[in-house]
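Novice: Here the protein sequences come in this chain order: A and B.
For the first sequence, the numbering used here begins at 1 and goes up steadily by one.
For the second sequence, the numbering used here begins at 1 and goes up steadily by one.
It should be emphasised that the hints constitute simulated quantities derived from the structure, not laboratory data.
One or more of the hints may lead you astray.
List of simulated lysine-lysine pairs, DSBU-like, C-alpha gap at most 35 Å [as the list claims (entries may be wrong)]:
hint : chain 1 : residue 1 : chain 2 : residue 2
1    : A       : Lys259    : B       : Lys109
2    : B       : Lys172    : A       : Lys259
3    : B       : Lys172    : B       : Lys109
4    : A       : Lys128    : B       : Lys109
5    : A       : Lys259    : A       : Lys150
6    : A       : Lys202    : A       : Lys259
7    : A       : Lys78     : A       : Lys107
8    : A       : Lys202    : A       : Lys78
9    : A       : Lys312    : A       : Lys107
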Amino acid sequence: MVNVDALRGYAADLLEKGQVRAVIGYRRGTAGVLAQPCTIDEAGEAETLVWDPTCLNNLARYLVEDRQQQAAAQTRNKTPDGRPVAIVAKGCDSRAVAVLLQENYLKREDVVIIGVSCEGSGVIDPRKLAARPEGRWASRVDFAGADAFKVTVGGDETLIPARDLLADRCLECRAAAPALNDVLFGEVVTERGLDEPFRAVKAAQGATEDARWATWEHHFDRCLRCFACRAVCPMCYCPECVVDSTTFVNTPGTTAEEKATRIRWCERSASVSESALYHLTRAIHLAGRCIDCGECERVCPVNIPLRLLNTKLEMEAFEQFQYEAGRDFGQASLLSSFRDEDPNSFIR
Amino acid sequence: MEKILSKDRLREWVDALDDCEVLAPAFADSVWNYARVEAETVIDLSHTNTINPPKQFAFPQREVFFRFERADGVPRLTPTLPDPRPTVVIGVRPCDGRGMPRNDTVFSKEFKDPYYWARRERLVLVGLACNQPHSPNCVCQSVGGAPHAEEGLDVLMTDLGDRFHVKGITAKGGELIARGGDAFASLQAGDPAEVARVHAAASSHPQRPVAELGTVAEAIRARFDSPLWEEMARHCIGCGICTYLCPTCHCFDINDEVTNPNHGTGERVRTWDNCQFPDFTMHTSGHNPRGDLGSRLRQRVAHKFLYFVENHGTQQCTGCGRCISECPVGIDIVAVVDRVSRA
């Protein structure tokens, strides 16, 4: 079991000794059952940290935010505080940190990884919880071993089988404890016995090409282009997103000519063609980089099964090249490396 | 006009509206949303609330203003004012109903927006009172509404078990009920008391208070430059969920979408815009007065509880709770307003 008090003590100690600038973790939210991300700057605040199956967010996304703020401070000729930032990381989150390290977005000495084990289980899918009678009114969800969650509604506690509430991404998870860490709370669990990896995408690709296109046309038609899937993704760190014109950088130095001739690959209209371009471009840009935290799918307000796009590419990477994003930050990246034993001999 | 509609005769009423586009909530892709009622559709009004509010039926996410082309070197514009069939939306929750008159105000006060009103004038909203809150984030009563509020609706239905109490609120609503003919029955002696009982029971569920509602506007004005905004937005990811799903957010962008640059062919379109996006208030100079997440959160909250009050005399938030329930990082407008009010 993760000892939450020990985790809080560790975070407080890091801050007290001035070894880190801040600790990014989870605290109780103000609305509903879910925990929410928090950034602790003072040792005294560490007691608000929590760890339970409602800690859904991949906090590596805030390392990206922090890095961008540090860079912005530098451009304003302010000397940024060079101490590292600590982050509470689940298995998937730590793989995201590994990719950021591999891509030299971060340096290893700039981050302290406080690993937490998912207790052989994982995090919940709030929609699965809300679909149950009274589930919307739950005030707490706790781990109850690997096979169940303890759900508190009012004064009543109910044990619900883990399988019934687990997020789909967790069912397919291959490493429910962070391999990359500076300290680990809880046990390393390797035997899981839930779904096999890539089960959902294997099932989805069994359909005919026409049926698959009809399905995705249906989903792209429903897309609101709120960009939550991209905004929540720790790998989507481009300051300008090629398929989102709202991010195009405009400075006092940008000329009228540049603004007028800038290519909009993707219009703002939320139509099937534009939304297909947006999602497929994003998926391709994540090939060999997606660590399947499933945050894109979780945050989608209209439930587009976005993981299928990303896990399809990761399955190809795994089956063709035995490549797993985030397995090791020292490994050569999928798209920038070549081995003699790689398939597709025509490349030579 | 008040009538009783047996649940097994709802379909009969809908079938009588055969010249209308009829939409009702449907549960698909694990989410409630409005869908067209087809011949084979089984209408299920057990919905919580739809993920999209009904604003899209007057203010769609994409509206074509006109088409343009160049013929023999001469630019030519073709108007594209919408000319929809009458559209009946069934099952609108009262919080969303209250959103519509707020949108109407925005699209008519200084300038009557012809595109909005071409759709709006043919839109009929058939509300369904909530017999219980759908989520802990339902706060309709805390912002001046009620689970059976009539404002903005043409018809209000109340679920009485095996039948609906159906009340025509506007002339448009009365006409719609009249078209149902024999599907409707008259009220029996005990019905008014039963409706009152159901409404009272629904109103008795406690809701989270929106702190000192009367003074929220003043508090936001006083704390305009407070560091609280930045702190509360620290984990905002800048997505568009809160405003796109809001029943009263109405900001839009206008772009020319060129389909063939050689022939100067394309469309001028209006699309939803969003105060949480980085280019929302971007000036051509590169200066952005809402250049960080804190000022964007303030923009959203102040629009609901300060600017709208100043401009139109009422709050813009109708308490549906979508922005709270769907926020990926737990930003909670009730808590935000509370903190600003107490600061």
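Novice: Does each hint hold? Answer for all of them.
Specialist: How the hints compare with the structure:
1. A threshold of 35 Å between alpha carbons decides the hint, and for Lys259/A with Lys109/B the separation of about 33 Å falls inside it, so the pair holds.
2. For the given pair, Lys172/B sits about 48 Å from Lys259/A by alpha-carbon distance, which is inconsistent with the 35 Å threshold.
3. Restraint check for Lys172/B and Lys109/B: satisfied, since their Cα atoms lie roughly 22 Å apart, inside the 35 Å limit.
4. As the CA atoms of Lys128/A and Lys109/B are separated by approximately 44 Å, the hinted pair breaks the 35 Å bound.
5. Our distance criterion of 35 Å between C-alpha atoms is broken by Lys259/A and Lys150/A, whose separation comes to about 55 Å.
6. Distance hint between Lys202/A and Lys259/A is unfulfilled; the C-alpha atoms sit about 44 Å from each other, more than 35 Å.
7. The hinted pair formed by Lys78/A and Lys107/A meets the criterion: a straight-line CA distance of about 20 Å does not exceed 35 Å.
8. Of the supplied pair hints, the one linking Lys202/A and Lys78/A is violated, its CA atoms being roughly 51 Å apart against a limit of 35 Å.
9. Between Lys312/A and Lys107/A the CA atoms are separated by roughly 29 Å; this keeps the pair inside 35 Å, and the hint holds.
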